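So the protein sequences, as listed, match chains A and B.
Here the first sequence stands for residues 1 to 75, numbered as in this note's numbering.
Here the second sequence stands for residues 1001 to 1185, numbered as in this note's numbering.
Be aware that one or more of the hints could be misleading.
[What the hints assert, rightly or not] Across the chosen pairs, the derived CB separations fall in these ranges:
| id | chain 1 | residue 1 | chain 2 | residue 2 | range |
| --- | --- | --- | --- | --- | --- |
| 1 | A | ILE25 | B | GLY1175 | 53 to 59 angstroms |
| 2 | B | LYS1183 | A | ASP16 | 22 to 28 angstroms |
| 3 | A | SER57 | B | ASN1023 | 19 to 25 angstroms |
| 4 | A | HIS17 | B | ASN1016 | 35 to 41 angstroms |
Just so you know, these hints were derived from the structure itself, not from any lab.
In this text, all values refer to a predicted model and were calculated from it rather than measured experimentally.
Just so it is clear, CB atoms sit at the ideal spot from N, CA and C, and this is done for glycine as well.
Letter by letter, the chains look like this.
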Amino acid sequence: MLVLTRKLGESIAIDDHIKIVVVQIKGKQVRLGIRAPKETKIHREEVYLAIQEQNQSAAYTSPDLLKDLSKAVKG
Amino acid sequence: MIYKTLRFGELDLLPNDVVTFPNGIFGFPELHRYCLVDPGEDTLIVWLQSLEDLGIAFPVLEPKIFKQNYIVRLSPVELKDLKLVNLASQSAAVFTILTIPQDVTQMSANLKAPLVVNLNEQVGKQVVLQENEYTLKHFMFKELKTHIVTIESSKLAQQASYRKNNSASLISLNGMTASTQVKQL
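From just these sequences and the hints, can you work out the full model?
Written as structure tokens, this is what we have:
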């Protein structure tokens, strides 16, 4: 992994079109500003972890639950 | 080819019943081949059954049923992964994965990361949408119930045109229609 040191207000350029700026440093928190073309998708990594967890629990859904649900939606 | 699934017994599949997810689904990167199964429960919920781990199946639902104005905006990379070169002539179906707890009224759909399936190329991908208003846990029991109660059973059968009978059956991709708006970002 490439590691770079940046000060407040300094930035990093990725390719020609993506720019990441250190906007604020407060204790253990760093606020980053990101400028990228609109077709670039930007997410916090936690989103992917949360999706994985949700998929893990959905993958083992019991068919009986769907039978219960079938009753509940018609009741 | 016959697959002996945990939930639905034996399924006899033709090659064009199979959807391939080249990158897998988040959390299951090693599973690539799936088919769609209608459990015959009249809830409009169908299952995305893995053909490589026959114990794995995701309950999924088309979002138009509970969220009419839902739009899936895809990046050029996502469109390429899905082999969607022309959105006007190709059709893509959209499904949301459901989380169904013991209290079924607390069921939710993942609107943040829907499954998109290119029906022409039989390729699928789970995408993560940028929109903040789409959440991972969109509660929708009430909307589903309203939808099912509003339309009479005859209309329901007609709407689910790919349904065959009241037992579990395979859904043919050819018979599916795209109902959710898919656009380029």
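Inset, instruction - Kindly indicate which numbered hints from before are broken by the structure, ordering the numbers from low to high. - result: none
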